[in-house]
Amino acid sequence: MVDDAIGTESRGFGAPHSRPPHPLRALLDRRFREHDTDHTLAVGSSTQRAELRASLESDLQQLLEVSQLYKRAIIASAPISRLPPEVLSSIFERLAWIYPPVTPLNAIEGADALEKPEAEEPLYVYPSWGRRGSLGWIKCSHVCRSWRSILLDMRSLWAKVVGILPAAIPETLERAGNRPLHLTLRETLERRIPYIPWTSLDSVETIRSIHIVFTLSADDTDKYVELTYLLHHTTHPILEEVDIFGNMAIHTESFHRDLAASLDAPMLRTLRLNNFFTFFRSCPLTTLSLAFNEYHDEAEPEMPLRTLLKVLRRVRDTLEDLELRDCFSRASVDVSRAAGLAPIVMPRLRRMRLVGRTPDLDALLNCLETPSGCATYYRAVDKDTDEMDLHSWTFDLLRRTLADMKDTLPEGHIAGIRLQHAWDADEDLDIHSWRGPYADFWYTPTADVHRYSTLECYQRFRWYSPNLNLFPLTRTLFDPAGPSQGRVLSEVHILRITHRPSFYMSDFELMCVSRQLPNVRVIIMDAPCIMIFLNTVGGWRGMPTEAALGEDAAPVLLFPGLESVWMTKGAFEYDPISCERLVALVRERVSRADGAQGGAPLLRRVVVDADVALADPEKEKWAVEQLGAMVDLQWMA
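Per our numbering, the sequence shown runs over residues 3 to 639.
Just so you know, not all the hints are guaranteed correct.
[Said to hold, decoys possible] In silico DSS-like links for lysine-lysine, alpha-carbon gap of 25 Å or less:
#: 1; residue 1: Lys141; residue 2: Lys73
#: 2; residue 1: Lys621; residue 2: Lys571
#: 3; residue 1: Lys571; residue 2: Lys623
Hints in this document: simulated from the structure, not taken from any laboratory.
None of these values were measured; they are calculated from a predicted model.
Build the full structure now, drawing on both the sequences and the hints.
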């Protein structure tokens, strides 16, 4: 029937004619017709329509109650509901780890913060979030009463999400009870961090970790005042971790506050401050990270070196991981004062990452004494440094590091050096946005020098220099006329160079590297790297610098102690390797170039990794036979 009053077709609850009606549908349809609904809607009076409305509302209320009863029965009959509460608790703990709530972009007025997400728009501010505000695992508390009762009793879960849903802070604090709190506050362009009356909360002293993120564009000084008050106004007896990402509002007076205005957390172990700074009292700190000016090119206040040294002295006996990025500067007064002080000894330091201008890094390193087993990574950010005028301290640092490494080399091990590029990130070191070439050392058992374990190195030292190609770095490290002044690294027995699309090495640079590394026994390079390496000097010869002007110099054999060449696949596309050219170049090296120094060891071993692309694979068998007749060949299938 078509309802003339409302212009819609009334079909009741009847099922389609193609299949028999469900008993419940038939019952509901009969009830619908008992009300004479179609007739009343079409021609009924106002009184009849009001009575119909009341009857339908009563029926609907009954249906809703029955629906809830059905839902509870369905959930109770599910296999997961038969699990013991202890097992469900473990499942919820795992779910809380993989599906946490997400801070919403903005607020919806009148919304229940624990019933629905407060944001309906994508989070454009932080692309890495990639999703909208979400309740995460909290949704499970809305499924049924039994799940809700289990989750409400898991107070430690609620204690870990305090602040993630800003409008629900009072509720999460209540549900956390007396459990140690993990405070997380994240500001966006559309939402400011809410005002929290910390002075009226008894839970301030139960905070175990603090994670706060301010937007880069915000300039809300009041929030910094609140945060400073939160950190300084009372003792935090169980606080173990503080991680604050500021918004560039660093005030120079924060570097000169007295001890009274400092963080008092006797159990603090991890402190990460990005574009924010606060002093802290003595504590068993193991991880310290300070970073300023990461996203701004403008000059910002930097911490005086003497202030940084004051901070490091307080934690020198416990610190294990130190990261300093663009956060301190050397001044003449600092150098003069630091010169008369004993170096800061850090006996437990295991890893140190430093980013800054080379004079600042040099001044800091002169004030520190780290264990020989400490992994160290340096990145120079001198924007006005010419690639041909790098500071001599680079080689001195490299040489000093190798000397320390030599003293700690395990018995039966040898050292290697690697020259390589680093681009967007280095995941194994947890270093991001470190670009430019770098040099590092490793050591490996002597017995494994020709095996894959050679690459499984223990990183000890890395030095980055941005905006430079790889081989200006080799000039800095190895040019006899440069900062190295002819000094050699005799302890290095393995040379590793990683291929880049822009790879280029001149014969002069090869000669410099060869002279500074006279005892290299193994060269490991990506396949295109090896071919360019061989093609550059044709026969592995270099020109010495002692020849008089206008005279032809006698060729010299580069890397006279070379025993093995290892060709690896590499991570970048390249032109396939010619089998004929490879055989010819190896033959030249084995037969020794004319005029080379007598008694030089011959190349004895060639290793070719699997998946090395060949230009003429039909000649692979021939190449294997030719090379096998000259050297100990390991051609990985």
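Problem set entry | Violations among the numbered hints, reported as their numbers in ascending order | none
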